[in-house]
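Asks: These protein sequence lines map, in sequence, to chains Y and Z. Read left to right, the first sequence gives residues 1 to 320 (our numbering). Read left to right, the second sequence gives residues 1 to 320 (our numbering).
Worth flagging that the hints you see were computed from the coordinates, not collected in a lab. If you're wondering where the values come from, they're calculated on a predicted model, not measured in any experiment. In this text, a Cβ means the ideal position worked out from N, Cα and C, and glycines have one as well. Each hint should be verified, as a subset may be incorrect.
A few chain Z residues that don't get close to chain Y, going by computed Cβ distances all over 10 Å [as the list claims (entries may be wrong)]:
| # | residue |
| --- | --- |
| 1 | Thr12 |
| 2 | Asp20 |
| 3 | Lys28 |
| 4 | Thr30 |
| 5 | Lys55 |
| 6 | Asn149 |
| 7 | Arg154 |
| 8 | Asn160 |
| 9 | Gly178 |
| 10 | Ala179 |
| 11 | Leu256 |
| 12 | Glu259 |
| 13 | Lys293 |
Derived pair list, reagent style DSBU-like, types lysine-lysine, alpha-carbon separation capped at 35 Å [to be verified]:
| # | chain 1 | residue 1 | chain 2 | residue 2 |
| --- | --- | --- | --- | --- |
| 14 | Y | Lys150 | Z | Lys79 |
| 15 | Y | Lys180 | Z | Lys102 |
| 16 | Z | Lys213 | Z | Lys150 |
| 17 | Z | Lys150 | Y | Lys22 |
| 18 | Z | Lys79 | Z | Lys150 |
| 19 | Z | Lys102 | Z | Lys79 |
| 20 | Y | Lys300 | Z | Lys102 |
Protein chains: 2
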Amino acid sequence: MKGFIGVDWGGTSLKIGLLDSKFSLKLKRTIPTKEIARKEDFLSVFPKAIFSLIKEAGINNEDIKGLGIGAPGVIDVRKGYIYLLPNVKGWENVPLKRLLEKRLPFNVYIDNDANLYALAESKLGAGKNFNNLLCLTLGTGVGGGLILNKKLHRAQNLSNCEAGHICVELEGRTCSCGAKGCIETFVGNKYLVNFYLENTQNRFTPIVRRLMKSEKELTPQILYKAALLGDKLSQRVFGRLANALGVYIAGIVNLLGLEAVIIGGGVVGAWRLISEDIKKIVKKYTMPPFNRKVKVLKAKLRKNAGILGAGILAKEGMGV
Amino acid sequence: MKGFIGVDWGGTSLKIGLLDSKFSLKLKRTIPTKEIARKEDFLSVFPKAIFSLIKEAGINNEDIKGLGIGAPGVIDVRKGYIYLLPNVKGWENVPLKRLLEKRLPFNVYIDNDANLYALAESKLGAGKNFNNLLCLTLGTGVGGGLILNKKLHRAQNLSNCEAGHICVELEGRTCSCGAKGCIETFVGNKYLVNFYLENTQNRFTPIVRRLMKSEKELTPQILYKAALLGDKLSQRVFGRLANALGVYIAGIVNLLGLEAVIIGGGVVGAWRLISEDIKKIVKKYTMPPFNRKVKVLKAKLRKNAGILGAGILAKEGMGV
């Protein structure tokens, strides 16, 4: 077997996948993120894990045609250089590609994780039939990747698509970035919970109170269940999300002439509650002729999307 | 001389320019737009004007290497097909490239006027040193063209970049497109005037009253003069514009990693009043690392920008 290695560097675990040339996952291995949080540890632990994976698969180093990494930060993709990882200290200005290629016998490529998620969805998931799309991952924050005319958009060779920090309400709530009314303040997990709690003065409505009996912390998942059970305020939380997200998507479609927007991440758990509203608003506020064609779709790939995207990057390098 | 013909199809006049291979304007001719508003008139008047221009220049048909047209509407650029011109009736679904190439002995290319304005600024104007930029024309409405990695972005081969219809205020004023709080409702001429008049209950503040003595109609130009003379409400009109425009630009830079945003059109008349505020807000709300480099610039090309952009299209075809 000849193939690629795709690496998904997440908040809790770093997942390594061995993929064949058709991106079928052959073998997977997981390292707790905290074990490789320090750069020195990464450089000793990671190559060992790769060699051990290859050995376990019963193949040779030469069978691996490239290794791709999706990292949670800003990356110069051409250089394979990490500018910063906002949530991991000590990773400012790290030439990771160069450091790893000294230790591994194949080409290494690095890009932002949301970019590679978009790449995976566009090549193997919900975006296969579209040339121009935005892929959003909605959860704690907002991740985004843009495919324009079939290629991942990277300006200045950088990985970053800060899709969460686009204002939809000039005098809206303050965002973690310091600006007001970013789309993240309408769809990010903590903002959903905060909107609910502000409206109840930190108490629970009856349905939520019942659901909270077996829970430690109020989450969007609980609000989603409460909304389905008829809790009016929880329904408003998701109605507000759907409205803002629809208006935001219509604006980006107007700017770029996108054919599709794919939504993934935790918020997809509430798809049944929000998708019709989002689609209706996108249709209404997108300009002709794009309003006739534009699609809003749920992401198709699940937990291995990051590995697959990194594998595609490993195969195609900067050409994707 | 060998060269190109660039055509700028504006609201009051259609301008035809003969350009040499270095895009220097050699000869110019103007046709009132109303004389060619009907399709039949266009197809008889326009080719005659082209042949007469060539004759006047003392060159031959073979010296013309291509003709480009910037039209105010939605165009399939690959086919040279006009879907619609929002402000001119009877131009729905017109295969203009095909119709003109039957009547003219050279290749004809057609694109949206704002796209060609962006192309001209990026190749010959304020955008020469940037690979990724947005060029906005702010006047009656908002026109936009995006250059991404040195090429004009066209999704689905269509010309349209509806940059004016991006929401920055969910519950803002109603826009001509039917949505609420589009950036156009903060920067379009009539919205500037309306904002002023709403705040005075349709009266004039003293400074504006004085300026209106020799005028028929309140315009953004008068408000600009009043603002410079110390009229507080006129200053608020432009303060509101600068704030919304800055926030809007920061969002698009965050999404696309742009290096520059170029602003042209009538609003540039108030550059002295708005530019510092816009730049400050863009810097503040753009995410790292893009905030370090992003530039907000005034357009450089003046009245012939449309002709120049159309000439570049004529030379390079779809390759631009």
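Asks: Does Lys180 of chain Y pair with Lys102 of chain Z here, judged by a C-alpha cut-off of 35 Å?
Replies: violated, 55 Å
Asks: Verify that the Cβ of Lys28 of chain Z lies farther than 10 Å from every Cβ atom of chain Y, and report whether the claim holds or is violated.
Replies: holds, 32 Å
Asks: Are all beta-carbon distances from Leu256 of chain Z to chain Y longer than 10 Å?
Replies: violated, 6 Å
Asks: Straight-line Cα separation of Lys79 of chain Z and Lys150 of chain Z no greater than 35 Å?
Replies: Since the Cα atoms of Lys79 of chain Z and Lys150 of chain Z sit roughly 22 Å apart, the hinted pair holds (cutoff 35 Å).
Asks: Are all beta-carbon distances from Gly178 of chain Z to chain Y longer than 10 Å?
Replies: For Gly178 of chain Z, whose nearest Cβ neighbour in chain Y is about 8 Å away, the distance does not exceed 10 Å, so it is violated.
Asks: Does the no-contact call for Asp20 of chain Z survive, Cβ to all of chain Y over 10 Å?
Replies: At about 32 Å from chain Y, Asp20 of chain Z clears the 10 Å cut-off, so the statement holds.
Asks: Run the C-beta distances from Arg154 of chain Z to all of chain Y and say if the shortest one exceeds 10 Å.
Replies: Arg154 of chain Z is in fact no farther than 10 Å from some Cβ atom of chain Y, at 7 Å.
Asks: Is Ala179 of chain Z truly not at the interface, in the sense that its beta carbon sits beyond 10 Å from all beta carbons of chain Y?
Replies: violated, 5 Å
Asks: Would the pair Lys150 of chain Y and Lys79 of chain Z pass a check requiring their Cα atoms to be no farther apart than 35 Å?
Replies: holds, 20 Å
Asks: Would the hint linking Lys150 of chain Z and Lys22 of chain Y be met if the CA-CA limit is 35 Å?
Replies: holds, 33 Å
Asks: Compare the distance between the alpha carbons of Lys300 of chain Y and Lys102 of chain Z with 35 Å, and conclude whether the hinted pair is satisfied.
Replies: violated, 48 Å
Asks: Decide, holds or violated, for the assertion that all CB atoms of chain Y are farther than 10 Å from the CB of Lys293 of chain Z.
Replies: With a cut-off of 10 Å, Lys293 of chain Z comes too close to chain Y, as the shortest Cβ separation is near 8 Å.
The structure does not agree with the numbered hints 6, 7, 8, 9, 10, 11, 12, 13, 15, 16 and 20 stated previously, though it agrees with the rest.
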